[in-house]
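J.: If you read the protein sequences in the order shown, they are chains Y and U. For the first sequence, this note's numbering puts the final residue at 386, and the numbers step up evenly by one. For the second sequence, this note's numbering puts the final residue at 1357, and the numbers step up evenly by one.
Please note that a few of the clues may not be correct.
[What the hints assert, rightly or not] Taking lysine-lysine and the DSSO-like style, the derived pairs with C-alpha atoms no more than 30 Å apart in a straight line are:
(1) U/1236 x Y/315
(2) Y/113 x Y/190
(3) Y/381 x Y/315
(4) U/1120 x Y/38
(5) U/1185 x Y/188
(6) U/1185 x Y/190
(7) U/1100 x Y/315
(8) Y/38 x Y/190
(9) Y/315 x Y/188
(10) U/1349 x U/1333
(11) Y/315 x Y/190
(12) U/1100 x U/1120
(13) Y/188 x Y/381
(14) U/1185 x U/1120
(15) Y/381 x U/1236
(16) U/1100 x U/1185
These aren't lab readings, by the way, just hints derived from the structure by calculation.
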Amino acid sequence: MNPPFSFSPLQLPDALEPLRQEVRSFLADASSQWSGWKIGHSWTGFDRDFSLEVGRRGWIGMTWPAAFGGHERTGLERYVMVEEMLAAGAPLGAHWFGDRQSGPLILRLGTEKQRQHFLPLIARGEASFCIGLSEPDSGSDLASLRSRATRVDGGWRLSGRKVWTTNAHLCDFMIGLFRTGGPAEAEKHKGLSQFLIDMRSSGLEVRPILDLTGEGHFNEVTFDGVFVPDDMLVGTEGEGWAQASAELAFERSQPDRYMSSFPLIPLAIDAIRDNAQADRLAERCIGGALSELVILREMSLSILGQLEDGHSPAKEAALVKDLGNTYEQNIPELVRELLDSAPRIVPDNKLSELEGFLVQTVPTFSLRGGTREILRGIIAKGLGLR
Amino acid sequence: MSSEMNISEMLAEQVNRLLGATVNRDLRVKAENGMLDSSLWAEIENLGLTRAMCSESDGGADLRWAECEPVMRLSGAHAAPVPIGETLLASWILSSAGIKVPAGVIALATTRFAMDGQGKISGRDPGVSWLNQSGHVVLIATDSQGHDHVCLLQTSSLPAPAGLATIDRQPCATLECDGISTVQKAPAPASTGELGVLPYVATLRSIQMAGALSQILSLTIEYANTRVQFGRPIGKFQAIQHLVASLAGKAAAAQVAGLYAARQIDAGNAEDGAAIAKSLVSRYATEACAITHQVFGAIGVTDEHSLHFYTRRLWQWRAEAGSDHWWSGRLGKQVLSQPGSHLWEFVTKAQPATTLH
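Only chain Y is shown next, with the shape it has when bound in the complex (with noise of 0.2 Å):
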């Protein structure tokens, strides 16, 4: 009669309450003219100033070693300082795949030259990193990318195409997964391996795709015979499949993967109480949305304990992640039930602009990071399904 997954609470001690307020506060100084389609964007927002700004109060790399600029502050303080950043919708685009991916992956397998000279600049805000994993021809299946790195003198040439690459126009590098070994068709996971890609290089060129919102920080990055060293590979050659699963696998019960539209709930909130709408619909479906977000936040910390505690509970952060989406993509059609606002984008009122802007954007919540088919094969799988 026990269940078949594990969440034991995690409970926030009260000793990270002044850090929450220190955040909290910097936030109420510097959200003030973030527009609403800004913060909607919140961590795939670009903005290099704010980034340079977090990492001078020692928040990105926070958990990281001091000696390669890190701040050697624990898992908890972290989450509570990624928590109040979302809430807010704060701009983390420009540091935030290299504080949550590739810093901790050059952490853990980088050489001891990639981690004096990336961590530091990771840290300051100064480096900006993009992921460089889908294909034209593999999303889901990333087992079958075709996109190659073949050896030449001190180092390799990339050749291929990455797709849905988010902010690859404005990044400084990217930890591309390359095919190393045999071809795709025979060794499918095997024979991959991740590369750190200045994307400065020559014969790498990007290209913009427009997504629903009109804008295009999406990319399609081109790779013709791109020249990387040798000592721009990541880890261990052929094993890339293998460390980008890791990385994936951390990433799946974050805040960020139900917050992305919390920021719209409060200024719902403010537009029912204006509008004297505050009927019994709007209390009840207020109250709806507030109990699953308390709830998502309890299952999401009780992950961060066991990850802190060594466990990898996959299964779990598969589950969290795949409510977590569709919590998030609820939240702007609850929103248009309450308001039944025109469907009109109005410059300088930021519900207007937040709510137009997530409507546009929540397709992608159930795709990025694995898609819900995907991890709803994980999760059965971890059933015993089989």
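Given the coordinates of chain Y, assemble chain U onto it according to the supplied hints.
T.: For chain U alone, kept in the frame of chain Y given last:
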């Protein structure tokens, strides 16, 4: 880990063993016909289950809610046809108020009653579970000065009402009091707020639903792995796998929510915890029942399969002690009474303030 946690785990283990060995279709049907299985009840009392949260002077183990959550969850996971949860909760309320806990089944009313100058009780609760099978009933009554009292009444002093038809067909009856004397009464503890015992019953039902949901998830996985159609177990089909994964999400969230509400009670914040848990778990129970029946085909509707009993329990519990709609509305009203900027603060303060151990 404290010794209390060991008692908690030991107790959960004993409940699991006892209910696993005794609860079956016949016992469930017997309860639906209004009969309490006295031998099972005697074993439950012998284990000290119903007094687990009472003080040691009342023969209890003084367990906190979070420590007793596994016992409550297991009573739901077995769809136990006995009032373990009701008596456990009623005994805790009596013990907290300093009233000696009587032996036998104790029912619990959730509406507020009135107490006159002579200490006589009047009022009505439209549906009290296991009332006719109980020796005593516990209720909260307000006196003319507006003070709340925990009252213990003997059911033999009450009119014997006819049983009510409910979705889960567990015994249930209307409690009518018109100037009834109490056996004992005491001022209600400060933890009994505006809603009386409702948040506690809502938490109990949330936890029991979490247990039932976890059990129907296990039944569904087992069925999907063994039921063969089109030449293979239906669990091989992606369509079924995705239904089961979705069900697992509901069951997992319910479990987290039930324990969350229990922790909130221990931290002195019963109402917010109950509102969050009951609104979420009741809603997810509805979705989970639909999913599980879809996987089971029509097998789950027959009373030859235990899913039949779990489904009706879930439909009962989701509506008892405040439905998802009622608690969501109450929570939403509270949120909408303040500017939107307060919402995030509410969320970050919504973690129980004290730790379990």
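J.: Hinted pair, alpha-carbon criterion (30 Å max): residue 1100 of chain U, residue 315 of chain Y. Please report holds or violated.
T.: violated, 47 Å
J.: Residue 1236 of chain U and residue 315 of chain Y: Cα distance at most 30 Å?
T.: holds, 18 Å
J.: Quickly compare the C-alpha distance for residue 315 of chain Y and residue 188 of chain Y to 30 Å and report which way the hint goes.
T.: Measuring from Cα to Cα gives roughly 23 Å; hence the hint holds.
J.: Given the hint that residue 1120 of chain U pairs with residue 38 of chain Y, test it: the Cα-Cα distance must not exceed 30 Å.
T.: The given pair, whose Cα atoms are some 64 Å apart, is violated under the 30 Å limit.
J.: Going straight from one Cα to the other, do residue 1100 of chain U and residue 1185 of chain U come out at no more than 30 Å?
T.: Holds. Residue 1100 of chain U to residue 1185 of chain U sits at ~10 Å (cutoff 30 Å).
J.: Need the status of pair residue 38 of chain Y, residue 190 of chain Y: alpha-carbon distance at most 30 Å?
T.: violated, 40 Å
J.: Taken at face value, is the distance from the CA of residue 315 of chain Y to the CA of residue 381 of chain Y at most 30 Å?
T.: Status holds; Cα separation ~9 Å.
J.: Could you grab the alpha-carbon distance between residue 1185 of chain U and residue 190 of chain Y and see if it respects the 30 Å cut-off?
T.: Roughly 73 Å between the alpha carbons, so the hint for residue 1185 of chain U and residue 190 of chain Y is violated.
J.: Sort out whether residue 190 of chain Y lies within 30 Å of residue 315 of chain Y, counting only the CA atoms.
T.: holds, 23 Å
J.: Next pair to validate is residue 1349 of chain U with residue 1333 of chain U; report whether the Cα-Cα distance is within 30 Å.
T.: At roughly 18 Å apart (the allowed maximum being 30 Å), residue 1333 of chain U and residue 1349 of chain U satisfy the hint.
J.: Verify the proposed pairing of residue 1185 of chain U with residue 188 of chain Y, using a straight-line Cα cut of 30 Å.
T.: With a Cα-Cα distance of about 73 Å, the restraint between residue 1185 of chain U and residue 188 of chain Y is violated, given a limit of 30 Å.
J.: Sort out whether residue 1120 of chain U lies within 30 Å of residue 1185 of chain U, counting only the CA atoms.
T.: Cα-Cα ~10 Å, so holds.
Hint check: violations occur at hints 4, 5, 6, 7 and 8; the rest are consistent with the structure.
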